[in-house]
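Novice: Line order of the protein sequences matches chains L and Z.
Numbering-wise (the numbering used here), the first sequence opens with residue 134 and increments by one.
Numbering-wise (the numbering used here), the second sequence opens with residue 5 and increments by one.
Simulated from the structure, these hints should not be mistaken for lab results.
These numbers come from a predicted model, not from an experiment.
Every residue, glycine too, gets a C-beta built ideally from N, C-alpha and C.
Careful: at least some of the hints might be erroneous.
[Said to hold, decoys possible] Some chain Z residues near chain L, calculated using beta-carbon distances under 10 Å:
no. : residue
1   : 13
2   : 270
3   : 274
4   : 277
5   : 421
6   : 478
Below are the chains, spelled out letter by letter.
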Amino acid sequence: MIREYKTIREVANPLMVVKQVEGVTYDELGELELPNGEVRRCKVLEVEGDTAVVQLFESAQGINLAGTKVRFLGHPLELGVSEDMLGRVFNGMGEPIDGGPEILADAHRDINGLPMNPAARAYPAEFIQTGVSTIDGLNTLVRGQKLPIFSCSGLPHAALAAQIARQARVLGANENFAVVFAAIGITFEESEYFIQDFRRTGAIDRTVVFSNLANDPAVERIATPRMALTAAEYLAFEKDMHVLVILTDITNYAEALREVSAAKKEVPGRRGYPGYLYTDLATMYERAGRRIGKKGSITMIPILTMPEDDKTHPIPDLTGYITEGQIILSRELHRKGIVPPVDVLPSLSRLKDKGIGEGKTREDHSGTMNQLFAAYARGKDAKELMTILGEAALSDDDKLFAKFADEFERQYVSQGNETNRTIEETLNLGWELLRILPRKELKRIKPEYIEKYMPEDK
Amino acid sequence: MSGIITKVSGPLVVAEGLADANVSDVVRVGSQRLIGEILNMTGDAASIQVYEETSGLGPGAEVVTTGLPLSVELGPGMLENIYDGIQRPLPEIRALTGETITRGVQVAALNREKKWDFVPVAEPGQHVAGGDVLGTVQETSAILHKIMVPPGVSGTVKSIEKGEFTVDHVIAVLEDYNGKTKELTMVQNWPVRIARPYSQKYTPARPMNSGQRIIDTLFPIAKGGTAAVPGPFGSGKTVVQHQLAKWSDVDIVVYIGCGERGNEMTDVLMEFPELTDPRNGEPLMKRTVLIANTSDMPVAAREASIYTGITIAEYFRDMGYDVAVLADSTSRWAEALREMSGRLEEMPGEEGYPAYLASRLAQFYERAGVVECLGSDERRGSVTAIGAVSPPGGDTSEPVSQATMRIVKVFWALDSSLAYARHFPAINWLTSYSLYVDTLKPWYEGEFGAKYMQNRDKAMHILQEEAELQEIVRLVGQDALSPADRLTMETAKMIREDFLQQNAFIDEDAYSSYLKQFRLLDMVLQYDTVCREAIGSGADMNKLFNIPARERIGRAKMVPQDEVVKTYDGIIEEMKAEIAEIAEGGEDE
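Work out the full structure, taking the sequences as your base and the hints as a guide.
Specialist: Dropping the structure here:
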């Protein structure tokens, strides 16, 4: 039997203290009933003796200490999952907001999920062709990877994420796919951009949207990505789908977490974020992956905006330590009109080496990739030197590298948001650009591939 | 002994009625019997850190103490296995609960059904004490597991078995001078937070061969030494750790994935059985124990994982083996410590870390070393501890990096700008150091002659000089440099690109023998010497830098180990001939 308490003693948004409770457990979900009949949700953060500290998911406005009732439901926050979720739009707490009917749940799942047994993970190694050269050629995405986009305010990360969602496919495969999109504290316009894009390509029928917009309760944001991942896990590991999860914007999520932590008067870590931010983010990001014996997969693209364009800020920093690489957008390239403005050098995909090469992409992929990286790095150094000392100060080789760097940005990086390049096109373009350089500098490619793909006579 | 929960706050649980429990006892919490450990006692109330998720736990639930501290089971069956932070075997958990880890799972660390072929070494009537070998078990094709008398136990062997037994079976009975008998099995229990005893500790004097050129030649680590690998994300910490786990010339590797990515452990699980040890041709997995407490697994067990790992390492050390412990990452361990400290409402030190952070880290690293093991045969074993550090923003001025640097002797500083230029391993040669260079010098000189270390010093000198010259180039351009300085820059570039860079994903390059390292560096330095002479006699610098042999030197690291001597001799001959030709031409003009 569920008991009701009218013993709220303290409300300090987003926390609330309830006295004289019995049988309440940690992490349990609760419901508040306001005098006017409105129902709001909360969860237990700490319970000591007969006192429970609970966190509200919505605003505390209108709560009357005497007249408000609290019920504890005996289970943690759950999401009812079903295949019918595809094509639907939910709010940040998992309630439908598209005017459609309630979801008839197949099962109810704790949104916190369970840690995946490392011995049951299948290593991601299937190449995903995104059609974006800087990703396919240099920072290859594989199925089951978590690859965030580190952006800055004012950069077109949404366009790149939408492009990936639109173009991504596994070569030679025609499998069941789905997109789970979680809007975490972003604006209506940004959220609508994605939804319109899904609509334009017809992907909307295979998409589940969880939407917590900028004017929705901030604390609800703590639940939103977990709702999305719970839905994704169900679709991937029980319905055998290949799920692409887009979470945007993780910065808003971390800020909501900081808000709750500050209200709890916890000892803050760096920049006021709680000391457990790493662990908290990890319990979300690590839900991506593949499992042995399961057909489906979860590939995750979290998007975050780096405050002050600073990569060492705790949010991008801790994210980078958990995720398997990062795609970094550059304000400088954006100013130059390069679309998408992917900053190639600090970007990285940790799983690329297992997803490329003969039988997956092409035998020359690894060598040319390393060569392009190294040559671009040297070219950029040369250009830097050139701005200080003038072109005359460069050696002949360095002049070629500088030219290479320019051409590389212009042709390879700047492909636009509508161009969908095959991996062959990307690799061949790489060879085209390497021709600018002296052959003896191509140390990172096996000589037989140089012979094969860049014959001397030409 | 049981108590009642009064408070639950995340992984911290407070229970009353535990007056008889000891600090550090393992307890079972709630109806799901979650595993926890007592941190503090106040009156009869115990603060408990729970190693599993506490959701659904509330006041009134029961807590039962086991009366024992957190311990590991030591015996045959650990190799090739993968454990969580408190030594529960993950493959067996998977068989029980599927792909995710549900709570309250209880699985024995060592398989109770598997039979091992026990071959006695001790004989009835023989007097044995702690550390003496009773017999052996061929645990994997690579490792002979020695079954030892546990520390603190001694007596005369009354009987000893021979044959195939499970780990629980009594394999020997000892009788002490009072006539009391003690039955011994193949399993020992040992509390993880206490270092296993040894008879004597020594200064490390032999290098650990890692097959990584920048490590073995420039910044070597000794067997029994300590090292830290700090670096921002994306700088290749994990690849360096994996390379060390793969190629180090130790007998046993204990790899602790502490709060890191799940896929990295999967990678090890998939790759190591396929790779063979260059020394004995056995699959690398046969000598490896994995501890995986990934970042999504409960935070308290992460705190325990590095102790679990090093205790297992000490146990193999006690058999007389060289063991390497790789902990990735100690920063995540420190964060777990911070989280528990915060929940206990302790007064924080720097950046919220508890004041005892540095002493805990020091205790961990101090468990490394070369020792004479317990036991009468005076065998020696070693534990080498290598910890990755993940400083926030790559800034090593933070407490974990600083506390680590005060303890460890080798510092391989990873650098993100090297990683961007795809210079791997991205170990910065200017900021890294090894305090073992002097102690290991006699060993290198004994094995390869004085030249090995002379070349090392010369290479370090050239790299140092390059850094200074680069400052000048940045200000006034390359043309301002003298030909000799230009050559120094060129040689430094060769050292960096042709020697230090090493590709972990190409078979020929992933492991480099001492011979190959020596010959490769020597070849680069010979080029420097010969060119310097030629420049002295007026040869054209640009021609010297563009001789065809340069391209061959650039590819020399891809030469398979057994062809090194022949091929390198050929390249050197060609190089000298080409330079001589240019030098003569130069004089003619």
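Novice: Take the hints in turn and mark each one as holding or not.
Specialist: Cross-check of the supplied hints:
Hint status for residue 13 of chain Z relative to chain L: holds, with the closest Cβ pair at about 4 Å, below 10 Å. Given hint, residue 270 of chain Z at the interface with chain L, holds; its Cβ is 4 Å from that chain's nearest Cβ, closer than 10 Å. The beta carbon of residue 274 of chain Z is positioned within 10 Å of a beta carbon in chain L (closest approach about 5 Å), and the interface hint is therefore held. For residue 277 of chain Z, the interface hint is violated, the least distance from its beta-carbon to any beta-carbon of chain L being 13 Å, above 10 Å.
Here the hint on residue 421 of chain Z is kept, as its CB sits about 9 Å from the closest CB of chain L, short of 10 Å. A cut of 10 Å between beta carbons decides the hint on residue 478 of chain Z: the least distance to chain L is about 7 Å, and the hint holds.
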